Amino acid sequence: MTSPTLTVAASAKNATKKYGKDEGVVYALNNVSVDFYSGQFTAIMGPSGSGKSTLMHCIAGLDELTEGTAVIDNVELSTLSDKNLTQLRREKIGFIFQSFNLVPTLTAEENIRLPLMLGNNKGDEEWIQRVISTVHLNDRLTHRPSELSGGQQQRVAVARALASKPRIILADEPTGNLDSTTGSEILKFMRMAVDELGQTIVMVTHDPVAAAYADRIVFLADGKIAGEMLEPTAEKVLDRMKSLGN
Amino acid sequence: MFRIALKSIVGRKARLVLTSLAVILGTAFLSGTSVFSATLDRTFNNLFEDVFKNIDGYVRSTQVVEGDFGLIERQRIPADYVDKVLSVPGVSDAVPDIQAFARIVGKDGKPIGTEGAGPPTFGSVAVEFKGALWTIAEGKFPKGPTEVALDEASAEKAGYVLGDKVKVVAQSGSRTFTLVGIASYGDVRSPGGATFALFDVPTAAEFLGKPGFVDAILVVGDGSRSDDALAKDIDAIFEPSQKVETLTGAEITKETQDDIGQALSFFSIFLTIFSVIALGVGSFVIYNVFSISAAQRQKENALLRALGANRAQITRSMLIESIVVGLFGSLLGFVGGIGISKLLSVALPALGFDLPSGGLVISASILINTVIVGLVVTVLSAVLPARRAGKVPPLAAMRATAIETAGPGRVRLFWGLGSMLVGLGIIGAVIGGSSNNLLGFGVLFVFIGTIVIGPSIARPVALFLGRPAETLRGVTGQMARQNAARNPKRTSRTSAPVLIGVALVTAVSALAASINGQIADIFTEQFKGDYAVNSNAQGFGGLSPDLATTLSSIDGVNDASGIGTVLTKINDKGRTLIVITPSSIGGNYDIGLVNADYSVLDKDGILISESLAERDNLKIGSVIPVTFGDGVTRDLTVRALYVHNDLAGDRVISRETFANTTVSSFDFSIYVTLEKGADNEKVRAELQKAVDEYGQGKLLSRDEYIDEQAGQVNQLLGLIYGLLALSVIIAIVGIIITLLLSVFERQREIGLLRAVGMTRSQVRTTVRWESVITSLLGAVVGILLGLGLGWVIVFALRDQGLTSFQIPVGSTVFIMVMSFVVGVLAAVYPAWRATKVDMLDALNTN
Numbered sequence: 003m004t005s006p007t008l009t010v011a012a013s014a015k016n017a018t019k020k021y022g023k024d025e026g027v028v029y030a031l032n033n034v035s036v037d038f039y040s041g042q043f044t045a046i047m048g049p050s051g052s053g054k055s056t057l058m059h060c061i062a063g064l065d066e067l068t069e070g071t072a073v074i075d076n077v078e079l080s081t082l083s084d085k086n087l088t089q090l091r092r093e094k095i096g097f098i099f100q101s102f103n104l105v106p107t108l109t110a111e112e113n114i115r116l117p118l119m120l121g122n123n124k125g126d127e128e129w130i131q132r133v134i135s136t137v138h139l140n141d142r143l144t145h146r147p148s149e150l151s152g153g154q155q156q157r158v159a160v161a162r163a164l165a166s167k168p169r170i171i172l173a174d175e176p177t178g179n180l181d182s183t184t185g186s187e188i189l190k191f192m193r194m195a196v197d198e199l200g201q202t203i204v205m206v207t208h209d210p211v212a213a214a215y216a217d218r219i220v221f222l223a224d225g226k227i228a229g230e231m232l233e234p235t236a237e238k239v240l241d242r243m244k245s246l247g248n
Numbered sequence: 033m034f035r036i037a038l039k040s041i042v043g044r045k046a047r048l049v050l051t052s053l054a055v056i057l058g059t060a061f062l063s064g065t066s067v068f069s070a071t072l073d074r075t076f077n078n079l080f081e082d083v084f085k086n087i088d089g090y091v092r093s094t095q096v097v098e099g100d101f102g103l104i105e106r107q108r109i110p111a112d113y114v115d116k117v118l119s120v121p122g123v124s125d126a127v128p129d130i131q132a133f134a135r136i137v138g139k140d141g142k143p144i145g146t147e148g149a150g151p152p153t154f155g156s157v158a159v160e161f162k163g164a165l166w167t168i169a170e171g172k173f174p175k176g177p178t179e180v181a182l183d184e185a186s187a188e189k190a191g192y193v194l195g196d197k198v199k200v201v202a203q204s205g206s207r208t209f210t211l212v213g214i215a216s217y218g219d220v221r222s223p224g225g226a227t228f229a230l231f232d233v234p235t236a237a238e239f240l241g242k243p244g245f246v247d248a249i250l251v252v253g254d255g256s257r258s259d260d261a262l263a264k265d266i267d268a269i270f271e272p273s274q275k276v277e278t279l280t281g282a283e284i285t286k287e288t289q290d291d292i293g294q295a296l297s298f299f300s301i302f303l304t305i306f307s308v309i310a311l312g313v314g315s316f317v318i319y320n321v322f323s324i325s326a327a328q329r330q331k332e333n334a335l336l337r338a339l340g341a342n343r344a345q346i347t348r349s350m351l352i353e354s355i356v357v358g359l360f361g362s363l364l365g366f367v368g369g370i371g372i373s374k375l376l377s378v379a380l381p382a383l384g385f386d387l388p389s390g391g392l393v394i395s396a397s398i399l400i401n402t403v404i405v406g407l408v409v410t411v412l413s414a415v416l417p418a419r420r421a422g423k424v425p426p427l428a429a430m431r432a433t434a435i436e437t438a439g440p441g442r443v444r445l446f447w448g449l450g451s452m453l454v455g456l457g458i459i460g461a462v463i464g465g466s467s468n469n470l471l472g473f474g475v476l477f478v479f480i481g482t483i484v485i486g487p488s489i490a491r492p493v494a495l496f497l498g499r500p501a502e503t504l505r506g507v508t509g510q511m512a513r514q515n516a517a518r519n520p521k522r523t524s525r526t527s528a529p530v531l532i533g534v535a536l537v538t539a540v541s542a543l544a545a546s547i548n549g550q551i552a553d554i555f556t557e558q559f560k561g562d563y564a565v566n567s568n569a570q571g572f573g574g575l576s577p578d579l580a581t582t583l584s585s586i587d588g589v590n591d592a593s594g595i596g597t598v599l600t601k602i603n604d605k606g607r608t609l610i611v612i613t614p615s616s617i618g619g620n621y622d623i624g625l626v627n628a629d630y631s632v633l634d635k636d637g638i639l640i641s642e643s644l645a646e647r648d649n650l651k652i653g654s655v656i657p658v659t660f661g662d663g664v665t666r667d668l669t670v671r672a673l674y675v676h677n678d679l680a681g682d683r684v685i686s687r688e689t690f691a692n693t694t695v696s697s698f699d700f701s702i703y704v705t706l707e708k709g710a711d712n713e714k715v716r717a718e719l720q721k722a723v724d725e726y727g728q729g730k731l732l733s734r735d736e737y738i739d740e741q742a743g744q745v746n747q748l749l750g751l752i753y754g755l756l757a758l759s760v761i762i763a764i765v766g767i768i769i770t771l772l773l774s775v776f777e778r779q780r781e782i783g784l785l786r787a788v789g790m791t792r793s794q795v796r797t798t799v800r801w802e803s804v805i806t807s808l809l810g811a812v813v814g815i816l817l818g819l820g821l822g823w824v825i826v827f828a829l830r831d832q833g834l835t836s837f838q839i840p841v842g843s844t845v846f847i848m849v850m851s852f853v854v855g856v857l858a859a860v861y862p863a864w865r866a867t868k869v870d871m872l873d874a875l876n877t878n
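First to last, the sequence lines map onto chains B and W. Its first residue numbered 3, the first sequence is counted upward by one per residue in this note's numbering. Its first residue numbered 33, the second sequence is counted upward by one per residue in this note's numbering.
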């Protein structure tokens, strides 16, 4: 499956996350090993409770694994202090969440530059301008989140995730709260970020249509890898999901 | 609905505790004060019951002059009355009692005890007999003119042991005695921290008072008749013209207990005023917390409304919550109050205020009072937020939560400005000549207006104050600034307690600064001496009049003239008169005599101020009957009028008027002028030597003296600051609670920020600066308001001679710095909590 021309941006090895003890133990992740490649748009799919969000959170350093390792850019996350982990998130990861992506007291532009500002980093101005125009936000920069539509807010979130040229962008159901038209617009932007800006994106979703925008899909069920799919289409994904769902 | 309300409380224990905190602090101080006062009352009652337990009768003069501040001087009675009393059948023993001002001088030559501000210093009698008030713990009772006994606490404090030479200062001068006994009073080592030098009767009469006279006679019966019958029998042997009365043992016990009770009640009223202020500040915090909690529960309440609850039910459920908080808080406050009073009873002896032993008096009535006050304050503070909660439309349940983001309306601005204008109008009217009594209302309206307008100005002011934070701290400072401004209502309510505390402190400081300045001006103008020997005795005791005579005989001294006070009664009202020596005061003290000099004041004369002359329609030649401490009324003729009554008061008499009588009078200051060309340093050394030899008083140069007089206000200031500190603590708690609730409310935001790369220390910075901005907001507005209030008070006191308002620059800077520190301190815990926000929880709550 691994192509020699691809480099690994992030990976999980024997990742296990369990809750509770003894008989009551529940596995959110059960010995999962997976690599995510640079320059690719990967989707993680699975039914509710399959462990897809947990996997993403552990790779992002937002949550800790019980066993196994999570690696980003050759750095094993469990070795980092909270401060270094925060720094890594700031510099090497871009986040897009389902909702509540933006700080309400900051303008759109300040939200976009937030990770850079937190790191006292000016960033690559040319790149930032390019990102802003790619997501068509030039005339919305001074607005606060409350003055933006849901789709505009997610575009700001995409722009923020891109602004610091992260090693990897992690998106958790980024279109979950949007109508299908707006959602597809966001997915196109993400596609564009990979194709034209050379970014790496890992997206968690349960929507086959959204997953169809990806280059590769990793399926999870009951905390385990349940297969992969390359060059997916919505129909193929739907079929596979049906088999996983039960 | 009741059950829903209870469930909602139990479901939010943390908030219950937070809300209660303000109630707890406010009521704790209130109940602590009550418990402490009750305890003091009882222990002193027990003490006097113990001390007077063997006394069956108490003989004294009926003639009393009362001065200000509860000072009284009772006429003395001839010592030979003792023999008359002894001859009454049923009397087994009768011993004179004398109590007067005396100070024990320590080994370092400095008198023991704080003059004026501290507990009183006494000289008295210790005689061995059945009814003795003092018992000897070590050594023996003093006998003869060279022996003294000291109370245990004073002896220990000064490090005196039996056999030591002890210098004591009294009205007749200073003298050195040999320490032969250490005495205790009931079961205490010194009553209430007062110091006692104890002598036998002849020595006490001669040294402390007047030879041949005593203050009272303690009588012990032989048990053959009741105390009442004994008192009647004793009374019967005196003529009405001798003006003597006999109290039973129970009566004198009761009277002494009542006297001390009254003295203590000043103390507890003072403390109560400050606990009421603290409660008022606390009610703001309670109001704020309920408002925030109503806003945060908007969705929940709207859901209840959608499911069929009516407005009244929602309102009621919040009021029920407030009742629970009020009960819970005031009960804990009561427990805390016991702790506070325990602390006071430990702290006071450590400060030299020896208290009789005895457990705390915890009565049901204190508990009930505390709970009622706590409950009423809490429920009243919750009424408005509860009504607002009831007004939530059911549709709000479907909407995304709008948390108090609505800006302040025009109505608010209208009423706020209206109230301020009314207040300013009233103040303007007073300045224009209306009665001073209206000033309070004016100030109140301005305060209310400011609080009402608060939310309207909170946003721009917070944004302005937050600017340095943004410059200094970049994006974290910027977020802090925006956070402080995002809920103007909340920010303004949170800063209101700071505002009130700061306004009060500033006003008091401004008043003090103005008084300071004024005093300096007055002394500069009226005090003409080169040196002053000063005692800070405020009405009780002071310097012996002999000291002035001693000083004036020093080479190079032109004049040394004592200025003292004497208690008198004029038209049945207690009056304190200034006593001078006309022959020597001339060049020292300028009271602005009109077309006259001091030589017009003879022993039958009196000088009065122009304002008194105008008020009482008196003129030169008018006769004023003045009753002195010896019971004699002397007709004094007005010899001249004078202008300056700020120091001299309205009446000045000559020392000659009551020379060679039992009237007691001390000098509070001696003013000294040097001869022209005298060697300043040499004379000063001589003066210092004489003062040291005497044992009491402070020699000060002209400038030092004026500085010290002006600085006296600062002592009182310290006390007021200390008590206002409680309000500041509550204000801090208010900020802590609000920040915690805000942090709770912004969990998702904080989680997001942490996820996209905000470090814990950056989270802390953000919370800290928000806190600082909130605190500074209160401080800045409070300072402005306080300066205004100070100016108004100074203006209101213009008739008392306060003419110039001064801005307390130092205090203002100090308050700004302190409010910064307060902001930082208040943020510590909320900031820590903010760093503990679970990112996943925050991000998963969709």
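Everything labelled a hint here was simulated from the structure, so no lab data went into it. Among the clues, some could well be false.
As the list claims (entries may be wrong) - Below, computed lysine-lysine pairings styled on BS3-like, alpha-carbon distance capped at 27 Å:
#, chain 1, residue 1, chain 2, residue 2
1, W, Lys-175, W, Lys-197
2, W, Lys-142, W, Lys-189
3, W, Lys-142, W, Lys-730
4, W, Lys-868, B, Lys-23
5, W, Lys-264, W, Lys-275
6, B, Lys-20, W, Lys-868
7, B, Lys-15, B, Lys-167
8, W, Lys-175, B, Lys-85
9, B, Lys-94, W, Lys-172
10, W, Lys-605, W, Lys-286
11, W, Lys-189, W, Lys-172
12, B, Lys-190, B, Lys-94
What the hints assert, rightly or not - Not close to chain W: a few residues of chain B, all C-beta gaps over 10 Å, as computed:
#, residue
13, Gly-22
14, Asn-32
15, Gly-41
16, Gln-42
17, Ser-50
18, Thr-71
19, Asn-103
20, Leu-116
21, Glu-128
22, Gly-185
23, Asp-217
24, Ala-228
25, Lys-238
26, Met-243
Being a predicted model, the structure only gives us computed values, none of them experimental. Ideal Cβ positions, reconstructed from N, Cα and C, are used throughout, including at glycine.
For each hint, the structure was consulted:
{"no.": "1", "hint": "W:Lys-175 with W:Lys-197", "verdict": "15 Å, holds"}
{"no.": "2", "hint": "W:Lys-142 with W:Lys-189", "verdict": "12 Å, holds"}
{"no.": "3", "hint": "W:Lys-142 with W:Lys-730", "verdict": "10 Å, holds"}
{"no.": "4", "hint": "W:Lys-868 with B:Lys-23", "verdict": "25 Å, holds"}
{"no.": "5", "hint": "W:Lys-264 with W:Lys-275", "verdict": "14 Å, holds"}
{"no.": "6", "hint": "B:Lys-20 with W:Lys-868", "verdict": "22 Å, holds"}
{"no.": "7", "hint": "B:Lys-15 with B:Lys-167", "verdict": "25 Å, holds"}
{"no.": "8", "hint": "W:Lys-175 with B:Lys-85", "verdict": "81 Å, violated"}
{"no.": "9", "hint": "B:Lys-94 with W:Lys-172", "verdict": "89 Å, violated"}
{"no.": "10", "hint": "W:Lys-605 with W:Lys-286", "verdict": "25 Å, holds"}
{"no.": "11", "hint": "W:Lys-189 with W:Lys-172", "verdict": "20 Å, holds"}
{"no.": "12", "hint": "B:Lys-190 with B:Lys-94", "verdict": "22 Å, holds"}
{"no.": "13", "hint": "Gly-22", "verdict": "17 Å, holds"}
{"no.": "14", "hint": "Asn-32", "verdict": "19 Å, holds"}
{"no.": "15", "hint": "Gly-41", "verdict": "23 Å, holds"}
{"no.": "16", "hint": "Gln-42", "verdict": "22 Å, holds"}
{"no.": "17", "hint": "Ser-50", "verdict": "13 Å, holds"}
{"no.": "18", "hint": "Thr-71", "verdict": "19 Å, holds"}
{"no.": "19", "hint": "Asn-103", "verdict": "7 Å, violated"}
{"no.": "20", "hint": "Leu-116", "verdict": "6 Å, violated"}
{"no.": "21", "hint": "Glu-128", "verdict": "21 Å, holds"}
{"no.": "22", "hint": "Gly-185", "verdict": "16 Å, holds"}
{"no.": "23", "hint": "Asp-217", "verdict": "25 Å, holds"}
{"no.": "24", "hint": "Ala-228", "verdict": "23 Å, holds"}
{"no.": "25", "hint": "Lys-238", "verdict": "29 Å, holds"}
{"no.": "26", "hint": "Met-243", "verdict": "21 Å, holds"}
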